[in-house]
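Undergrad: For reference, the chains in residue letters:
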Amino acid sequence: MSARLSDIPVKIENSGNGTVGGGLIAILREISEMLERLSRYDDTAAIDLRTLPFSPADYQRLREFLGSGEVEITLKVDGTSRVRETGYAGVWWVEHRNPDNELLAELLEITNIPEIIVTSSDEITRSASQLRERLALHSAGGNTP
Amino acid sequence: MTTAIREQTVGEVLSANGVSRRTFIKFCVSTASFLALAPGMGQVIAKQLLKTKRPSVIYLSFQECTGCLESLTRSYTPSVENMIFNMISLDYDDTLMAAAGKQSEEARDAAIKENYGKYLVVVDGAVPLGNGGVYNTQGGKSAVQILRDTAKGAAAIVCVGTCSSYGGLPYANPNPTGAVPVSDIITDKPLINVPGCPPIPAVITSTLVQYVTLGVPALDAHHRPLAFYGNTIHDRCYRRPYFDVGKFAKTFDDEGARNGWCLYELGCKGPTTYNACATVKWNEGTSFPIESGHPCLGCSEPSFWDRNGSFYAPLAAGLIGSLAPAGEAAGVGAAVGIGAAALSRLRSRARTQSRAAEKTASKED
Chain G
15 MSARLSDIPV KIENSGNGTV GGGLIAILRE ISEMLERLSR YDDTAAIDLR
65 TLPFSPADYQ RLREFLGSGE VEITLKVDGT SRVRETGYAG VWWVEHRNPD
115 NELLAELLEI TNIPEIIVTS SDEITRSASQ LRERLALHSA GGNTP
Chain P
126 MTTAIREQTV GEVLSANGVS RRTFIKFCVS TASFLALAPG MGQVIAKQLL
176 KTKRPSVIYL SFQECTGCLE SLTRSYTPSV ENMIFNMISL DYDDTLMAAA
226 GKQSEEARDA AIKENYGKYL VVVDGAVPLG NGGVYNTQGG KSAVQILRDT
276 AKGAAAIVCV GTCSSYGGLP YANPNPTGAV PVSDIITDKP LINVPGCPPI
326 PAVITSTLVQ YVTLGVPALD AHHRPLAFYG NTIHDRCYRR PYFDVGKFAK
376 TFDDEGARNG WCLYELGCKG PTTYNACATV KWNEGTSFPI ESGHPCLGCS
426 EPSFWDRNGS FYAPLAAGLI GSLAPAGEAA GVGAAVGIGA AALSRLRSRA
476 RTQSRAAEKT ASKED
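Residue numbers (this note's numbering), protein chains in the order written: chain G, 15 to 159; chain P, 126 to 490.
It is worth saying that the hints were derived from the structure and are not from the lab.
Here a beta-carbon is modelled for each residue, glycine too, at the ideal position from N, C-alpha and C.
Incorrect hints may appear among the rest.
[Claimed, not checked] For lysine-lysine, the following DSSO-like pairs were computed, each having C-alpha atoms within a straight-line distance of at most 30 Å: (1) G:K90 - P:K372; (2) P:K277 - P:K243; (3) P:K277 - G:K90; (4) P:K176 - P:K227; (5) P:K243 - P:K266; (6) P:K314 - P:K176; (7) P:K314 - P:K172; (8) G:K90 - P:K178; (9) P:K238 - P:K172; (10) P:K406 - G:K90.
[What the hints assert, rightly or not] Beta-carbon label-pair distances, calculated as ranges: (11) P:K375 - G:D56: 58 to 64 Å; (12) G:A154 - P:Q133: 30 to 36 Å; (13) P:A297 - G:P113: 26 to 32 Å; (14) G:D56 - P:D369: 42 to 48 Å; (15) G:E78 - P:S412: 26 to 32 Å; (16) G:L117 - P:P299: 43 to 49 Å.
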């Protein structure tokens, strides 16, 4: 494996006094606005983190500022996806990776629960009938499943 | 039998192949992020794709080196298998298809007939018009004839690579075959140019995904999708801060070059080249030419072989050179170096380009 640019450790500049920079404040205000809308009108929203002109240090600060909450879900769907609730309930940090573990998308979702987690009613109907068929097959053959 | 498969929607094909809803959502969200669309568009793409019929695609190869197709088949976002088997119905591609000779020509004619008015034509390569078009013939027909016949019933045309977009290498001086870009021949169809020598693989596939889901994307003055060709390489270059403070590499791989200093003086065409190399990068996101220490050649711009004098002369020198008589161009350019007139010309050109792009963008909106 050849070395990647991201393997080179980058020293994070830290102001150390807990203040946050201009770009970061703008994003945090946007998140705050989105949370407000979610709470009042049930409006979900998302921010694509890869489109922000953020330095690695800005990312780190955003991560630290939002912190981590109680939920962390790993999905195995064509590679790994990680869905984590931040310290602010309703603000989710979502990361999609391909089977080679390369980052495909990184988003902040402002929602009760990210859509990708929820099982759809179609899927439930399909799995109910699959289970029914399997049980019927087994009882017809007289075997235990 | 192929007809039956083609008439299925993307959603039906995916569920028949055991692709789960979550996998599909992930694919759509990643694609939207990649296309620099608003994050909510992932869901829109998902809904749209599930009910979209897979469009028939006819891929024509003319005066080209197959580098663009090589690039396309190395795409990983979305992978080309994903594209070909789930999202489009690739009905004709003389390089990839199993059929040959008469059979393959019949496949093209059948696809045209069955999907008249609805299919997408992808063109790779310039089209020679010299001597009645004899410099490129397939199955006894000239390239220009095949293009005209195929384009007639097309919904839109996507030009993959600099050759089909602007003429590319065949078009370069002295252009012995009379090569022209597709836009010189077909003027009555929506046209999307995806230039580059070759274009970034994921830019080709994502442009096709965007066409399938949302139609013709927002384009700039050169018909390039703004999502990928909206910024110059220079605007998004990680060496840009060194340009701003005037730190330039003087020779290849000197200490400055290794320290990430700007490659402008080594001939970098980044400031006048619109492409996504600096952000999307190459070889599965590994790097892009400037990151490997080589200046941008400007391969996604019109006439890139001929413009700006040498690949290795600084941009401003090239611009001065182009004002001088042809024979003296390179020498004069190098001797004069960066002049105020050239710089202001460079700036006004950049302004004109960005204005033109904005105009196109607002028209699209």
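Undergrad: Of all the hints numbered above, which does this structure not satisfy? Sort the numbers upward.
TA: 1, 3, 4, 13
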